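S.K.: Listed below are the residues making up each chain.
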Amino acid sequence: MPYRIDAWVCARALAILLVTTTASAQITARDLQVAARALSFLQKPLSGEVSVGIVYVRNNPQSLAEGENLQRLLLPGLKVGNITLRPTLVELDEAPRASVGVFFLTAGVGAEAERLASISRARQLPCFTTDLSQVAAGRCAVGIRSEPKVEIVVNHAAAAASGATFSTVFRMMITEV
Amino acid sequence: MSRGRLGASVGIVALGALCPDTHAQSMDFGGLERLFGEPVTTSATGSPQRARDVPATMEIVTAEEIRRSGAYDIPGVLRHVLGIEFQQWANDQPEISVRGYDQTYSQRVLVLIDGRQVYADFNSVTPWSALPVELESIQQIEIVKGPGSALFGFNAVSGVINIITYSPLYDDANAVSVRGGTQGLAEGSLVATLRNNNAGMRLSAGVRADEDFSTPLPPAIAGTLGRQNENRRSIDFDAAARLGDRTQAGIEVTHTQARQNDIIPNYVLANSTWSTHSLRAWLSHESALGLLSANAYTNWTEQQFYPDVPGEKFDQTNRVSVAQLQDVFKLGSRHAVRVALEYRDNSGGTTPVSGGHIFYHVLSASGMWEWQITHSLTATNAARYDDLALGRKGVIPASYPFSNSDWDRSIHHVSYNSGVVWELGDRDALRFTTGRGVLLPSLFDLGTFLAVSPFYGLTGSPTVRPSVVTNYEVSWKHSLAPLAAQFSANLFYQESTDVQAIVGGVLVTGGFPYFIPANVGNSRATGIELALDGTFREHWRWGANARLERVTDKLDPGVADVDYEHVTPRGVFNTRIGRTWGRWEADGYLHYETHASGLFPVNAGTESTLVPVPAYVAVDARLGFTVTDRITAAVSGQNLAHRSQIQTSAAAVERRVFATLVMHF
Numbered sequence: 001m002p003y004r005i006d007a008w009v010c011a012r013a014l015a016i017l018l019v020t021t022t023a024s025a026q027i028t029a030r031d032l033q034v035a036a037r038a039l040s041f042l043q044k045p046l047s048g049e050v051s052v053g054i055v056y057v058r059n060n061p062q063s064l065a066e067g068e069n070l071q072r073l074l075l076p077g078l079k080v081g082n083i084t085l086r087p088t089l090v091e092l093d094e095a096p097r098a099s100v101g102v103f104f105l106t107a108g109v110g111a112e113a114e115r116l117a118s119i120s121r122a123r124q125l126p127c128f129t130t131d132l133s134q135v136a137a138g139r140c141a142v143g144i145r146s147e148p149k150v151e152i153v154v155n156h157a158a159a160a161a162s163g164a165t166f167s168t169v170f171r172m173m174i175t176e177v
Numbered sequence: 178m179s180r181g182r183l184g185a186s187v188g189i190v191a192l193g194a195l196c197p198d199t200h201a202q203s204m205d206f207g208g209l210e211r212l213f214g215e216p217v218t219t220s221a222t223g224s225p226q227r228a229r230d231v232p233a234t235m236e237i238v239t240a241e242e243i244r245r246s247g248a249y250d251i252p253g254v255l256r257h258v259l260g261i262e263f264q265q266w267a268n269d270q271p272e273i274s275v276r277g278y279d280q281t282y283s284q285r286v287l288v289l290i291d292g293r294q295v296y297a298d299f300n301s302v303t304p305w306s307a308l309p310v311e312l313e314s315i316q317q318i319e320i321v322k323g324p325g326s327a328l329f330g331f332n333a334v335s336g337v338i339n340i341i342t343y344s345p346l347y348d349d350a351n352a353v354s355v356r357g358g359t360q361g362l363a364e365g366s367l368v369a370t371l372r373n374n375n376a377g378m379r380l381s382a383g384v385r386a387d388e389d390f391s392t393p394l395p396p397a398i399a400g401t402l403g404r405q406n407e408n409r410r411s412i413d414f415d416a417a418a419r420l421g422d423r424t425q426a427g428i429e430v431t432h433t434q435a436r437q438n439d440i441i442p443n444y445v446l447a448n449s450t451w452s453t454h455s456l457r458a459w460l461s462h463e464s465a466l467g468l469l470s471a472n473a474y475t476n477w478t479e480q481q482f483y484p485d486v487p488g489e490k491f492d493q494t495n496r497v498s499v500a501q502l503q504d505v506f507k508l509g510s511r512h513a514v515r516v517a518l519e520y521r522d523n524s525g526g527t528t529p530v531s532g533g534h535i536f537y538h539v540l541s542a543s544g545m546w547e548w549q550i551t552h553s554l555t556a557t558n559a560a561r562y563d564d565l566a567l568g569r570k571g572v573i574p575a576s577y578p579f580s581n582s583d584w585d586r587s588i589h590h591v592s593y594n595s596g597v598v599w600e601l602g603d604r605d606a607l608r609f610t611t612g613r614g615v616l617l618p619s620l621f622d623l624g625t626f627l628a629v630s631p632f633y634g635l636t637g638s639p640t641v642r643p644s645v646v647t648n649y650e651v652s653w654k655h656s657l658a659p660l661a662a663q664f665s666a667n668l669f670y671q672e673s674t675d676v677q678a679i680v681g682g683v684l685v686t687g688g689f690p691y692f693i694p695a696n697v698g699n700s701r702a703t704g705i706e707l708a709l710d711g712t713f714r715e716h717w718r719w720g721a722n723a724r725l726e727r728v729t730d731k732l733d734p735g736v737a738d739v740d741y742e743h744v745t746p747r748g749v750f751n752t753r754i755g756r757t758w759g760r761w762e763a764d765g766y767l768h769y770e771t772h773a774s775g776l777f778p779v780n781a782g783t784e785s786t787l788v789p790v791p792a793y794v795a796v797d798a799r800l801g802f803t804v805t806d807r808i809t810a811a812v813s814g815q816n817l818a819h820r821s822q823i824q825t826s827a828a829a830v831e832r833r834v835f836a837t838l839v840m841h842f
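Each protein sequence line maps, in turn, to chains A and B.
Take 1 as the starting number for the first sequence in my numbering and just add one per residue.
Take 178 as the starting number for the second sequence in my numbering and just add one per residue.
Everything labelled a hint here was simulated from the structure, so no lab data went into it.
Being a predicted model, the structure only gives us computed values, none of them experimental.
Worth double-checking, as some hints may not be accurate.
[Stated by the list, open to error] List of simulated lysine-lysine pairs, DSSO-like, C-alpha gap at most 27 Å:
1. K44(A) <-> K570(B)
2. K79(A) <-> K44(A)
3. K570(B) <-> K149(A)
4. K149(A) <-> K490(B)
5. K490(B) <-> K570(B)
6. K79(A) <-> K149(A)
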């Protein structure tokens, strides 16, 4: 049985990686709306003003560019339903101390995101990203994409470790790895 | 099963008794639709799913589509939907079926509101005017085509229509509407919601008065009976609350009364008054074992009708009580499971000879397993076992061909639904489905109908068997992204065995004949549905669909009141186009049916014959104007192309025009 489970995880990861390479290049406002709405389906749903820590790596141009783009999209605050997302750029090294309610991991960080996974677990703060390879690798709990159709991928183990457990109804309609 | 696991299972059931129902309102349909950008549903498998993922052929009519349909009742909305059969037997007696097989008192589609059955078991019909729902309170209408018995149980054979209302816990639905038009139509409705983050309640109420069509009703149908003015009044109170972070509970109380002219199953006129009451409670709990839910309701339904027999009055009463326990959970990341138990108690009194009582109890167990085999391939299997115990008590008339003990029998059936959904990239999806559903004889057919004249009797029978419907289907959906359009094709084959007829046999006791229902043969249907829907430059929306079908009956010779082969038109075509500009909205709908036949009464309805129903084109339209952000005015019309038009074997359907003013608050 372990062999079969491993095969499954690998197959799913490959599928997700394929998605990543074709669809995660440029984050959009729609991606952020999907993330905000998903937060309301946590078993302990977030509401009101939520500070989003946009996590980037200083010496990674792709990460920094996406972080700045993300901040621009969120400013002065993105209200979706009963949640208002307020952006804060957070360098990865500052993540342990950042005063935020949720992390949003920029794309292209690669294995360095392992540090954010540890922080997310320690601080019990969920991590969202459009870089679905990070979800497959267990470094970020929730991956989103909104085009051509909304797809939400949750790494069940990473989500549980960071206290981000979703309602059963929500889990029925997403992809879990 | 180990003792520990057995104990855990018992614990689930015990906890479920304190707790909900996922096809009820513990689901935030609106929030999930906004998240995924498409409707979500539980009507296909009992498990929450996005519309594109369901392993069933399904149409979902959204609140926006309801509003822009221009219709003032649910059948008026549904008449434009692919696969829906619509027949207007009287102004307030529309009949709805799925993929042919439509008739007066259409039996084969199970209709529910938020998972609560509103289909009347005593004569297997949905009294559309007596449904306790206002259009402004509806989130969406879900139409599942083909059998749905593995989830919903008996009578979901041709399809299921689940009307989902706004949640008093999640949604603010507040509107007042007034409407007036031809046929003396005067209607008003109110939907008001009061809620905060932890609790909410919604009141929906409506009144309507109108007249039947003025087109002549053939004397063979009308007899000496006149058509009465029609009216409807309805009230629904729905409340829900959070009992902590993970538990929700709700109650619903409804009442409706509707007076209308009915063309009854032997195709003659009756003046009818429907009265319904219902009481429902539900509880849901999000636990480590999944979403546990308990749901219980009782429907009290009464229909009084006066046939064309001096001094004769039928008073059909029915009480159905249902208790359901369910758990929906995921096993790992690939498997979703639903397990459920249901108990149903159903009873009705005999009429017009009173004093007898037909009843049955049904114990059901069901389950669903959805397996995501790969990222793009999902298989779903659902099955249900129903164990029905039938009985009768009370008065037996002299010379009656049955004794009460003849009703002491059991009916056992297994229903199933299986489907495979294969997504081929982002643009294509293939779906292979099969299902088996069971249509119970109505209480009327099982014996609540008991009429005795000096020369013969008419009654139900304890020996009539359920009909079984099996469906096989292949579907393809294709996204035409450059055209902002979606194409779909559904190919289906359906078999119905043991078709029931209300007069199918005769029993003679002591020289006195009783005409009784019987199983009279089989029927099968083969067809294809094609649909293309899209938008254009944001302001335009358009669609076209076709249903082509051939029904073949193999019925016993001389059967009255049943003929599916000739009453089902071979082709039904719909097109629609809509445009918005500024404060204006305009929508047009065109409906074409090929020629068919209609059953027509002979000898006061003791026999029937076929009469032609020519091919026809019906045109509906709506023109709306946004007066302010809160107020909309609209003029709508149905059957606009002709002053009157033959669409059934009863009175010609008249053109209807009406104006509607809606204020949201």
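S.K.: Now look at each hint and say whether the structure bears it out.
M.R.: Quick rundown of the hints versus the structure:
1. K44(A) <-> K570(B): Since the Cα atoms of K44(A) and K570(B) sit roughly 53 Å apart, the hinted pair is violated (cutoff 27 Å).
2. K79(A) <-> K44(A): 19 Å, holds
3. K570(B) <-> K149(A): 58 Å, violated
4. K149(A) <-> K490(B): 58 Å, violated
5. K490(B) <-> K570(B): 22 Å, holds
6. K79(A) <-> K149(A): 22 Å, holds
In this structure, the hints that do not hold are numbers 1, 3 and 4, in rising order.
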